[in-house]
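*Asks:* Residue-level listing of the chains:
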Amino acid sequence: MSAALHGVTTAASLTSTGEAVQFWILGTVAVAGALCTILMRKAVHSALCLAGTMIILAVFYLANGAYFLGIVQIVVYTGAIMMLFLFVVMLVGVTAADSLKETIKGQRWWAVACGLGFGVLLAAGIGHASLDTFTGLGAANSGGNVEGLAALIFTRYVFAFEITGALLITAAVGAMVLTHRERTERARTQRELAEQRVREGRQLPPLPAPGVYARHNAVDVAGLLPDGTPSELTVSRTLRARGQIRDVSPEAMADLRALERRSEERLGRRPYEPPRPRDSGDPRAGDRADDPPGDRPGDRPANRREEENAQ
Amino acid sequence: MSFPLLTATAVLPAAGAVLTAAVPAGRRTAAKWLALLVSLGTLVLAAVVTVRFEPGGARYQLTESHAWIADFGVRYELGVDGIGVALIALTALLIPFIVAAGWNDADEPAATATRRWRPTQGFFALILMVEAMVILSFEATDVFLFYLLFEAMLIPMYFLIGGFGDRAHAGSDEHAAAQRSYAAVKFLLYNLIGGLIMLAAVVGLYAVAGNFSLPGIVEARASGDLTMATSTERLLFLGFFFAFAVKAPLWPLHTWLPNAMGEATAPVAVLITAVVDKVGTFAMLRFCLQLFPEASRWATPVIVVLALVSIVYGALLAVGQRDIKRLVAYASISHFGFIVLGIFAMTSQGQSGATLYMVNHGISTAVLMLVAGFLISRRGSRLIADYGGVQKVAPVLAGTFLIGSLATLSLPGLAPFVSEFLVLVGTFARYPAAGIVATTGIVLAALYTLVLYQRTMTGPVKEDVRAVKDLRPRELLVVAPLIALLFFLGVFPKPLTEIVDPAVRHTMSDVKQQDPRPEVEAAK
Amino acid sequence: MENLIALLVAAPLLGAAVLLCGGRRLDAAGHWLGTLLAAASFVVAAVLFFGMLGRGAEDRALHQTLYTWVPVESFRADLAFQLDQLSMTFVLLITGVGTLIHVYSIGYMEHDERRRRFFGYLNLFLAAMLLLVLADNYLLLYFGWEGVGLASYLLIGFWQHKPSAATAAKKAFLVNRVGDIGLSIAIMLMFTTFGTFAFGPVLATADKASEGTLTAIGLMLLLAACGKSAQVPLQSWLGDAMEGPTPVSALIHAATMVTAGVYLITRSGAIFDAAPTAQTAVVTVGAVTLLFGAIVGCAKDDIKKALAGSTMSQIGYMVLAAGLGPIGYAFAIMHLVTHGFFKAGLFLGAGSVMHGMNDEVDMRKYGGLRAYMPVTFVTFGLGYLAIIGFPGLSGFWSKDKIIEAAFAKGGTEGWILGAVTLLGAGITAYYMTRVMIMTFFGEKRWQPAPDPHRAPDVEPAAADDGRHLAAGPVGSPAAEGPAGHPAGELPDPHESPRSMTVPMIVLAFGSVFAGGLFSINSAFVHWLEPVTRFEHGHPPVSAAVITTATLVVLLAGAGLAYAQYGRRPVPVTAPRGSLLTRAARRDLLQDDFNHVVLVRGGEHLTRSLVYVDHTLVDGVVNGTAASVGGLSGRLRKLQNGYARSYAVSMFGGTAVLIAATLLMRAV
Amino acid sequence: MNPVNYLYLAALLFTIGAAGVLIRRNAIVVFMCVELMLNACNLAFVAFSRLHGNLDGQIIAFFTMVVAAAEVVVGLAIIVSLFRSRHSASVDDASLMKL
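Chains as they are written, first to last, in the UniProt record's numbering: chain A, 1 to 311; chain B, 1 to 524; chain C, 1 to 667; chain D, 1 to 99.
Calculated from the structure, these hints are not laboratory results. Certain hints may be false.
As the list claims (entries may be wrong) - Listed below are the simulated BS3-like cross-link pairs for lysine-lysine, each with C-alpha atoms no more than 25 Å apart in a straight line: (1) Lys105(A) with Lys637(C); (2) Lys101(A) with Lys42(A); (3) Lys42(A) with Lys105(A); (4) Lys494(B) with Lys392(B); (5) Lys101(A) with Lys208(C); (6) Lys392(B) with Lys512(B).
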């Protein structure tokens, strides 16, 4: 690293060998990270790979004499922006993994073709340029890199600087406006809510507790009705939405027992499979293609493992 | 700074249009009078322009020049030469008659009239708007300004054609509306495409010349400060010419005209053919020839052939028409062929004749079309076959119609003869064969006008025609002055030629052409 | 003195303007005003004539320039008049005969409710015709030329409610327009050749131009003359023009307008003299028309159409004479003047006969009228004798000279032309005798007025609704249209009123004496000589032999007619006749030819062009629009709504742009 | 080694990022790919800065970062509200641009 930092010369055609070694090693890693970013199915993994790539880029900035930017890259980009990404990933659902199956006809081929063509053309353009020698930043950085940047930003680029400031403020306001949900009507009082519930004729008394009285005391096991069928009402709505209700049908129980018998050291959990077709209340009824693979019967074991890992 | 007379001639009708549109729904008579007064006021201003213009003076007179879009060298530049003066006078002259002729055309029938809907106000406001734009386009010496007006006048015309159709339609109301909107859209599309191509040429001109000032570019070209590659000049010329040929209209870009004239009310049809279309031929003379003299000479043979085709083809199709208004439209196509022929004959007779032709054709078509409109509104049909023997029941109407027909066939003594003969002589002097082909146009013109007159006006009186009333005083008042003018300019065209000739001389020197010398220098 | 010239034109023009714009208030006095102004013009003409006689032969021509009509650079057309001996002759003929016919029309049109307008048109005609002969340049001549065409159009179609009249009027105008092409091209040629088209400079420098140009000008002028003077091949309108009221036929289609072609050729003599080919064309046209008209005249049963054929034939004589050059010009004009007298007289006589016969025009339904219409009989008879060239009468003097000049042309051409003119004289005698006998001699073959609902049996075009004249027997109800005469009533022939007979008598005097007066000391020839120049022709045989031959031929023709029509009863229904007769009845099939070739062909052409315009020219545009629509419909499917799809296209587009940039750099 | 190699690397990263934008459907991942592209550009700017020996390239990279930050803020807010209303973060779900 230090070799790279001091390897800045003026009007040279080659960098130091140390920098070359660093470039080839870290460059390979950066490309791998970039590829992982676009190939990982889970957004979390992508984000982590991207963070790695960015850190490597920060090193390259430093190697190129952009000390200020290198630090900013690590602090602001990797530290703040990527964290923002992770927050959002968590908000959206850290378990949701993408299907990499393409749905638009020909999209992937076109994308690859365009990407290849574009890359080749860019490379051609760079190769076309006569860049045999380079000046190096020794002179420009002589007064210190940060001072040099500051001198430029507050003189020649002061106008752009001010505008970007305004842009940032606007962006902050915009983000607040976009994420903030305005209450458009008066909040209903408890009395009104009660009256509405009576009028709608839904469940009036408190919802029954989950299957604590049936067999299990776990909250994700549905209570059984007198005829022996499980009642979904007893399970928390969140679990229901996630599809994390445990099956309590006799067969399932038998399977479970068998499983328990076979693996005593390990307590397996089995998600409750909602009756198909899912008719009501499921907002994703039409998005079969985008369902997380875990919702599909065939994927169940793998999914189960992943969920366990996540928890 | 002196009084901006030219701006005033355009601002007055534009302001009048706004005021007319603002008249409340219940006061439509007031709107009509307002429109008439404004158009008469414009006529007075145009007369002042004509008087102030000195034929022997500078090329462009009464000029105004203000910076407009400085970054692109666009200026608000006005100025008139003799040709412009003649056409401004024609426009300002015809609009009052068009307004008076269309007095009741846009009135909503009482049954469906509502408080909010104001078609009458809109009709007259649109007419005045068109007048303002056309007059300004005759005055503009800045290419960009001209282009802007050239395109902008399509908008009011579109609404005039599509919104105020001829009530006398053979089919049902829905059919009529469909035909009308077809005609309006066709008009708009043709002219827009022409305009788009012209826009490309305007941009190209800017790229080459760096500004839009017509006199400036012409002067720079003449002095050699500005040179254009031959291919560039030709392409630019074609771009401009195409737009003007659509507008004029020249064969084979003519098919929008019969639809538009057939579906529009008679006054609007007059507005199209007598006023708006003149912008196209005027622009050929002013912009094509002056900006691109070499390219104009290069394209002349083809254009002369197209003009000849227009003349003969338009006339033959006029013979074959069954609809009075479409017949007049095809006759106009034939006449526009003469105008274009005169312009590109590149002789002073041809170009003076073409300019005179624009004016005279405006007046003669106005007479013919307006009288035809009066007739059609009485009987409620545009089909020639529905008429017969009108002369017996409405002799004055028939008489004015006959005079209009005779003017259309260029009878000596009526104004169009002078211009047509000048065009023919001018063409013959340069291209004898073209001149001879064009003369067949005079036989065909006689054929279609007289066949039209014979079928509608003569013969036994048809049952449906019996109720046709003769011209009302208002209608006679519309037609009589125009007829008087036809006679006057027919026997004494000097006032017009005096104004036009110097401008033509300038144009001739721009294109570096001289009249062919006679074979034998006649003894003095 | 020269300031009076404009007055010649102005007086009738004023009349036309007042009468046509004046409205109904002038109905009562309109015809008097019209006649008065025509007479005023004649008086002015007479004053000018005597003034001219008072000057030497070389200073007789007068000029009056009003203003420059069309000034564009070197193109200058002045509104200027030139009154020389040739114009003077025409002016006197036009105003004189014109005034007489105005007078005649007062009686003839008495019961027509549109009489005021009729006089307006007549005045318009006089003004235009005077402009034609007074113009000092070809463009102004063209003005008058078209003006008389217009007047002729209006007058032929005066009874516009008759489709046949309206059609005939249109046809006349159109055929004339074809001729006008010739005149306009001739003017253009003059302008490009001489730089001017004023008579003076053009005719003075004519010989400096190349012969080819002059031939072209000459042929074009001939085309114009053919149209206006009803010469082959543009003769077809004249027969139909008889649909107009009879005074119109007399004035326009016999005495004045149709002779404008002869005027044009004579006026342009200098051009023709320098272009022998054009001259040959002129004599050929004249000779062909001479025979053509005569043959047609032999076959027609309609009295006016028979006279129209005769007119054509006589103008053929004039054109032929004019084509002979300086040996013929003066005789052409002389024949023109005498013809103006006797043919106008014959037409007025025919009108008088029709007037008395319920407007019947079919000669087969006349017969024995000499006792009922003595004045008409005598004046018509004198006109008859004049036209066949009876020795001593006008026709004899002028026609004999033309025959002599034709022989004097020399060579084979001379013999052929001489023979044709001789033959023509014989045929003239034949058909005129036929007209005379069928109308005034023999037994009465009067028929009841035909049933208006029954289709006429003879000559559809002519007999079609022949009762258009409101002026029936005195006292009969004045009305137009089919209700004119009660069907089934025998006509009651009677002499016409004084206003009609007086002009006939005056014209009869002219028919008898004009030729003789003109020939005293060759006065007429000398009068015209400064304008037209004159050379004595030398026929290969002596004049006496030619005169004798003419008389022999004449007697033979008249005798044949007498044998055919005088000694045998004339059938009321025309016999089928020989092939030639049938063809002649149909104007030697010219109309059929025109119909098939021009009308049908034209209809097909226009119809197919309308189709082409709709489907092809418009179709290309509409097709383009449709294909653009179809293409956008296809392209619309690319808009699948997926942002990623759009991103691909953007990305691809960027790649293409980079590629283009690189390429441009590389090149 | 010539610093030009940094440019090739930047081009490669940019292309990978672009391909990711086109291929991935998860809006968050798409966003990350955009960030990758921006970073690739920054690398190029920094490399240019070194090649030319002045700091303007770094300034531009700096501005790019600021703009990228703003963009991320707004973009993620959009994704969150989109997820809230549609319960999905797939860009294909928002195929409302179709006629």
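*Asks:* Indicate, hint by hint, whether the structure satisfies it.
*Replies:* Results of checking the hints against the structure:
Between the alpha carbons of Lys105(A) and Lys637(C) the distance comes to roughly 13 Å, so the proposed pair stays at or under 25 Å and holds. Distance check on the hinted pair: Lys101(A) and Lys42(A) sit about 14 Å apart at the alpha-carbon level, within 25 Å; holds. Restraint check for Lys42(A) and Lys105(A): satisfied, since their Cα atoms lie roughly 23 Å apart, inside the 25 Å limit. The suggested pairing of Lys494(B) with Lys392(B) is violated, with an alpha-carbon distance near 38 Å, which exceeds 25 Å.
Restraint check: the Cα-Cα separation between Lys101(A) and Lys208(C) comes to about 96 Å, which exceeds 25 Å; the hinted pair is violated. For the hint pairing Lys392(B) with Lys512(B), the CA-to-CA distance comes to about 56 Å; that exceeds 25 Å, so the pair is violated.
In summary, the structure is inconsistent with hints 4, 5 and 6 from the numbered list given earlier, while agreeing with the others.
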